[in-house]
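Visitor: Sequence:
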Amino acid sequence: MAETFGKILRPLLPETKNIEDLSLAVTSNTKRDSNTTMKVVTWPGKKKLSIEDMPLPLITDSKDTIIKVTSVGICGSDPHLYHEEFSGIHLGDVLGHELMGIVEDIRNDVKKIKIGQRVIVSAVISCGHCGQAQFTRVPFADINLLTVPDNVTDEQVVLLSDIACTAWHAMKLGEVKQGQTIAIWDCGPGGLIAIMWDKLRGVKRIIAIDHIPKRLEKARELDTQIINYDEQLVIPTMLKICKDGPDVCINTTGFRYAKETLHKVERLLRLETDAISAIIEAIYLAKKFGNISVIGNYYGFTNHFPIGALFDKGITFRADGKVDLTQVITHILPLKETLLGYQLFDEKKNDCIKVILKSHVDFFQYKPT
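Residue numbers 1 to 369, in UniProt numbering, belong to the letters of the sequence shown in order.
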């Protein structure tokens, strides 16, 4: 199981053994009327977050469901909104999209999902307007939701809502095959999970590039060679490890990491949004006729994206014990500590790799035993 609280000195949740039952302890079928509100995380401006009261979401279509959110991740794309790097965000918008919970309400056209079931919500197709909240409306429920077995915890599967599928897609785009040498830029949640997926393919060797000690340590624990780009030059070091270059180069940085001073200044002045250092290195290093896989934050329509297939594969691999997604979760916090979670994740403080928010724990009388 993941290190439950990282180094957060706030025992706001019970011990790990009790956290496994938290998502089941939150009851379904909350009584709702026109005066009922929920807690949500809103964006009031750059590098600010606010916990507000908002009316509960309502079903607007016969294929909708209402989900009582139990766990929601802070995704790698969320800090972009937090920093106002996307023009589409507006004051008061509710954040969050990597989530799971309990089915609270459905209508007749929902055939596969039942009230009371635990489900993962697809980040790709769902509305995405109210994930970091206590409730959310999910359209086209039969397609957008994946039911979860009762014998798994939220922490074991919530990342299938987004980042675990993203990492799988990165591996598929690179056409990773057994016996290959793979290079992965970034040892954040996406990169670490990509390492797990690549190992399922039976690759010969993985080299991971980052500069944050805790993340490199985690990559090493996954039996991966590492390059700390603060201490070593990536290109010559990589060529010493594999003289012909990697068969597949995977960039999961999302263009976030500016290594050179010029790019750091340009990003600070908002003259540049995407740092290209990792891409340049990947292009230079990839073996002839090798592949380069690039994933990032793309906002728009995603017609025909195979999210359902990725859902099912993730659940199967987890159930078979082939992957342990909890390895990347370092901090679990209640919803009211969302700003702290963003700060830890954004600034890589306290060895933070991945933050999970518990949407109901701090708003009812829950006493650790």
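Rather than coming from a laboratory, the hints here were simulated on the basis of the structure.
Be aware that one or more of the hints could be misleading.
[Stated by the list, open to error] Mimicking DSBU-like on lysine-lysine, the simulated pairs with C-alpha atoms at most 35 Å apart in a straight line are:
{"id": "1", "residue 1": "LYS243", "residue 2": "LYS214"}
{"id": "2", "residue 1": "LYS204", "residue 2": "LYS177"}
{"id": "3", "residue 1": "LYS111", "residue 2": "LYS48"}
{"id": "4", "residue 1": "LYS214", "residue 2": "LYS287"}
{"id": "5", "residue 1": "LYS172", "residue 2": "LYS243"}
[As the list claims (entries may be wrong)] Now the in silico label distances, taken between C-beta atoms and shown as ranges:
{"id": "6", "residue 1": "ILE89", "residue 2": "LYS349", "range": "22 to 28 Å"}
{"id": "7", "residue 1": "LEU58", "residue 2": "ASP142", "range": "54 to 60 Å"}
{"id": "8", "residue 1": "ILE115", "residue 2": "ILE280", "range": "36 to 42 Å"}
Ideal Cβ placement from N, Cα and C applies to all residues, glycine included.
Visitor: Mind listing which of the numbered hints don't hold for this structure, in increasing order?
Guide: 3, 7, 8
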